[in-house]
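K.L.:
Sequence:
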Amino acid sequence: MDWIKQLNEVITYIDEHLDNDISKDKIAEIACCSFYNFQRVFSHIAQITLADYIRNRKMSLAALDLVNTNDRIIDIALKYGYQSQDAFTRAFKGFHGVLPSMARTNETNLKSLPKLQFKITISGGEQMNYKLLKHDAFNVIGYENKIETKSAFSTVPKLWEDAWQNGRMESLNEFYENHPPLGYLGIAIGGEWGESDEMSYLIGIAKKPIDNSEAIKGQEHIVSYELPSALWVVINADGVLPEVIENAYHKFYSEWLPSSGYQLADLPVIESYIQENRQEIWIAIEKND
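So for the sequence shown, our numbering puts the first residue at 802; every next one is plus one.
All clues given are correct.
In silico SDA-like links for lysine to any residue, alpha-carbon gap of 20 Å or less: (1) K935 to P1010; (2) K1088 to D1067; (3) K932 to N1078; (4) K935 to Y1026; (5) K916 to S1055; (6) K827 to T850.
Quick list of simulated restraints, FRET-style, between CB atoms: (7) E908 to D872: 20 to 28 Å; (8) P1010 to N930: 27 to 35 Å; (9) P1010 to K916: 39 to 47 Å; (10) P1010 to K920: 36 to 44 Å.
Everything labelled a hint here was simulated from the structure, so no lab data went into it.
By construction, the Cβ of each residue, glycine as well, lies at the ideal position given by its N, Cα and C atoms.
Let the sequences and hints guide you as you build the complete structure.
P.N.:
Written out as structure tokens, the structure is:
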């Protein structure tokens, strides 16, 4: 799969449908991968979620409509998919910092997000240390937390802090088997990152595959998921958090994946915290069609 080509084709599709319905299924079709996986690649390469990019592009064009036409604000709101003027006003002010009505006054500063275009760049940065690992099926068990997507980056560290303080990490130690992925695991569960208001984040450990009900028998609040046999890229991300993790993701999605001959498999990404400043990222992949 030519990731750069697919990314640009999706961007063109989105830009041509900013005043119409943007179909998740169509994006997945153009990208030749699941919508969830496309969001993952997009957000790490573009450094903005897909939902934010679409909203900001709409607000950029809406500002031009306000300045260059006499259309009513409600009509412009409806044009870009907002069912009420209030919802449009909140989105507009969130991006531009002013109310839509102010856009038609002189000397009002407005923002603009141009259409993205992805290109391959060659740089002399640090190497990415990784291995390809064909791993049998395994279970992950742990504590699942519902959090607001928009505040995930600030909420997740607090979840870990609370888990250490309230005894949850100690209770997980009772199940620890030294089964890869090693250490304590952080996993975003589900496929709506950046699209839904809420997401699930699991703090847990890996176990050999057993019946899910047996894995957590008698344990209140602990959940279990089984992950199938898969090919994983295991990235060494040793260093100080969170920068080392962020850099590893960016290097993988923007440099390694586009030229690898692989595509993302439909499985969650696993962050493995083994010791202080020793981490791994597990990303499931499969051969391009």
